[in-house]
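These protein sequence lines are chains Y and C, in that order. If you're matching positions, the first sequence starts at 0 in numbering that gives the first Met the number 0 and goes up one per residue. If you're matching positions, the second sequence starts at 0 in numbering that gives the first Met the number 0 and goes up one per residue.
Wrong hints could be hidden among the right ones.
As the list claims (entries may be wrong) - With a Cα cut of at most 25 Å, we get these calculated BS3-like pairs of lysine-lysine:
1) Y:113 - Y:215
2) Y:183 - Y:215
3) Y:281 - Y:258
4) Y:231 - C:38
5) C:107 - Y:354
6) C:97 - C:84
7) Y:226 - Y:115
8) Y:25 - Y:215
9) Y:364 - Y:354
10) Y:154 - Y:259
11) Y:25 - Y:265
12) C:84 - C:236
13) Y:354 - C:97
14) Y:328 - C:38
15) C:38 - Y:259
16) C:227 - C:4
17) Y:147 - Y:215
18) C:4 - Y:364
19) Y:115 - Y:154
20) C:229 - C:84
21) Y:368 - C:4
22) Y:51 - Y:215
23) C:97 - C:114
24) C:4 - Y:258
25) C:38 - Y:265
26) Y:354 - C:236
27) Y:215 - Y:115
28) C:114 - C:227
As the list claims (entries may be wrong) - Covered by chain C, per the in silico footprint, the following chain Y stretches (three or more residues, Cβ under 8 Å):
29) 105-111
30) 261-272
31) 335-343
Just so you know, these hints were derived from the structure itself, not from any lab. We put the beta carbon where it would ideally sit given N, CA and C, even for glycine.
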Amino acid sequence: MSTRPARTTYYEELRQRGYSRRDFMKFCATVAAYLGLEASGTAQVVQALSDKPRIPVIWLHFQECTCCSESFIRSSHPIVADILLDKLSLDYTETLMAASGHQAEKCMRDTMEKYKGEYVLCIEGSVPTEADGVYCMIGGRTSLDILKEVSATAKAVICWGSCACNGCVQSAKPNPTGATPIHKLIRGVPIIKVPGCPPIGEVMAGVLVHLITFGKLPELDGIGRPKAFYSKRVHDTCYRRPFYDAGLFVESFDDENAKKGYCLYKVGCKGPTTYNACSVTKWNNGTSYPIQSGHGCFGCSEENYWDAGALYARAQPFPGFGIESDADKIGTAAAIATGVGIAAHAVMTNIRKSKLIHDVIEEGKEAEKEL
Amino acid sequence: MNYHKLRRVFVWELPVRVFHWINALAITTLCITGYMIGKPPAIMFGGEAWERYLFGWIRYIHFVAAYIFVANFVFRIYWGFVGNKYANWKNFIPTTRKYFQEMWEVLKIDIFQTKPGEHMAVGHNALAGFIYFLTFIAFGIQVITGFGLYAAMSESWFAGLFTWVVPLFGADSGVRNLHHILMWFFILFTIVHIYLVFYHDYLKGRGEISSMGGGWKFIEEEAFQAEKAKEAAESKKAA
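So here's chain C without its partners, still in its complex pose:
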């Protein structure tokens, strides 16, 4: 049997990992509280209204999580310019022909599996990067619609930046509906995201799941050298 020597590659820096988990926590909180705001649970309660503030708290948690989500998102955009090459913004926005070719490759190999074997990517593969880009756009729309709705009941300067949103849509109702629909985008994304992490970990054994803990991925020496040669050839071509 051919035994592989593994190279440890530091892929996700600490700020990227912290971003990921704050983001995951914030989105989970926002989806749960958001769903409850859209469809409040029916609760039997014998006391008086002043004795509790349940829905008030649900909304409060939603708003706090929203602020955390935005700050975290803004930080991640910043890190896209100063972080390592796996965190760079170029991973997410298709600018080259090669990017599209790689997306197509990933589709063939991993999604439709019409092509055998595996696709090698140390950080994000092109398809994943592009999906994250779409997710970032969804983040943006969710922030704009959410704070647009929030602006009417807030005195804060940040919410004040979004007073143009409702006039753009004409009324609150349309903004609400879009905000509600996009919540499902996040739920679907999460389902697929978690599945694919397991898929890659299971298929390739490179520590896909744990990489978001310690930041490392473990690449076979041959694959590592091949990747290195590919990178060198590319930078030579670019020069």
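Chain Y on its own, in the form it takes in the complex:
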């Protein structure tokens, strides 16, 4: 690894690995389409990957399950895995690098020094902050310590997956390890959030290619996610949307409506509150996505999705009333209590204000008689 040539371009590396120019062009066209570029954008991608030296990448793993890496290496185009991951992240990644122990740590240090302010830091996983961060130690150092040091001289930080973006399952209540998403721990370096559990491989590739092609961050939304992939809700482009608009819903997973492929809204589909590209890009080489296989969306790319209600229910718990409560149950109870209170008040009024009521009624009756 120490004998790496100066800095080759992606295209050069590809040719060395036996890919044809045709494969390369197909990849560039695919990624350009994912990025939402116009047709001429393909040329920009081609040029960038042919001319620009490869970006050094450090890919860190903290509190996570590596499903982001798994998703990435299984993206539809093999070039993604071969080049973007294998070559691009060769500098340091616990999962796939050949080096281990002191050699691996030295590798990271070399990259940090040699490409100061140039390398991209990719992070999978959240960082535990409880008990001084001992819940996640690598090479004898806490993940918080490593994060602070490596992010300080990075060009940009890409947060892969919900763990790094919003803490995912390990930050769900009661969050024993104090799992914290990356953006709450570091300052002064641009952060791109690519949430999902895992994010779609093509989306991950798209974000990296954008960074390589244009040399700057893709356009981000208010939460810090690339607009190209996270500006629409899964619901907005869902192929079952016509059933939703028609008011045709699956009532339970084994009913007739489920067989007919009606909308899964009432069995807890979180598509209407989830910003992701699943219903457009789909998974496993565009084969399917959860809703297509008859299962509602979990909203895995949304912040706090583990605590924001049951996975198979639309309604969320009413704060402070336990997980079985929802706004409608509490509201109905409150409305009944209000009704009872009103009835009691009406009875009380007739007793305690009887003099007043009597006077008004008598005065009116007198007038009626006089006429």
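Chain Y is already provided as a structure; the job is to place chain C on it using the hints.
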């Protein structure tokens, strides 16, 4: 028997009454359609999805009613500065000691009824005014959360003003839940509001219910003079 001569007082101006009824209609529509969006009815239908657009219409009506609600609300805030003294914003926001004293009086006389007799107020009493103030805050939160959710699916500039809402909450789900919970505030408010209108009409016979139709309340001559004297004393004190 002591017969009362009644003075006709013009309390609610036409714009206030129009606001009230548009508001009532909009809130009713929003609550019904909103409830259905949260919990769609189970409907059996043998045809194809393209033959109907039921849920689409429910949502469309919700959004249209929301725009009407907002415009109406903004108008009412404006009228709080140019309308008559019963419509003025000072009726709603407690700024003086007297305001709090009156709230306490109303609580004692009308709500807990530990004090006999009646509380005299030509327009809103202090407690009612304050509850309306809380309602206006609920209006605001409902508008912010509602349009915050709507912003992602709208190109309109108005919805665009609310793109900051979801990032503030982190995700749509929390915004939705708050929006849903607040709907029940409106339902509870409506129940109590309608009851209290009947209560005042029944107890005092001053035309509480019909005042939102013609704008008039009918005050006994003695009560009218007493109120006038009270107002005069107060303006003298203020001067």
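Checked hints:
1. Y:113 - Y:215: holds (20 Å)
2. Y:183 - Y:215: Within the cut-off at roughly 22 Å; holds.
3. Y:281 - Y:258: holds (21 Å)
4. Y:231 - C:38: holds (23 Å)
5. C:107 - Y:354: Holds - the C-alpha atoms of residue 354 of chain Y and residue 107 of chain C are around 17 Å apart, at most 25 Å.
6. C:97 - C:84: holds (17 Å)
7. Y:226 - Y:115: Violated, because 28 Å separates the two Cα atoms, which is more than 25 Å.
8. Y:25 - Y:215: holds (23 Å)
9. Y:364 - Y:354: holds (15 Å)
10. Y:154 - Y:259: Outside the cut-off at roughly 50 Å; violated.
11. Y:25 - Y:265: The hint is violated at about 41 Å.
12. C:84 - C:236: holds (18 Å)
13. Y:354 - C:97: violated (28 Å)
14. Y:328 - C:38: holds (12 Å)
15. C:38 - Y:259: Between residue 38 of chain C and residue 259 of chain Y the Cα gap is close to 21 Å, so the pair holds against 25 Å.
16. C:227 - C:4: Holds, at roughly 16 Å.
17. Y:147 - Y:215: Roughly 22 Å separates the two Cα atoms, so the pair holds.
18. C:4 - Y:364: holds (15 Å)
19. Y:115 - Y:154: holds (8 Å)
20. C:229 - C:84: Given that 25 Å is the threshold and the Cα spacing comes to 15 Å, the pair holds.
21. Y:368 - C:4: holds (17 Å)
22. Y:51 - Y:215: Answer holds: residue 51 of chain Y to residue 215 of chain Y is near 13 Å, not above 25 Å.
23. C:97 - C:114: holds (18 Å)
24. C:4 - Y:258: violated (73 Å)
25. C:38 - Y:265: Given that 25 Å is the threshold and the Cα spacing comes to 7 Å, the pair holds.
26. Y:354 - C:236: violated (35 Å)
27. Y:215 - Y:115: Roughly 17 Å between the alpha carbons, so the hint for residue 215 of chain Y and residue 115 of chain Y holds.
28. C:114 - C:227: Cα-Cα ~24 Å, so holds.
29. 105-111: violated (count 0)
30. 261-272: Holds: 5 residues of the segment 261-272 of chain Y have a Cβ under 8 Å from chain C.
31. 335-343: holds (count 3)
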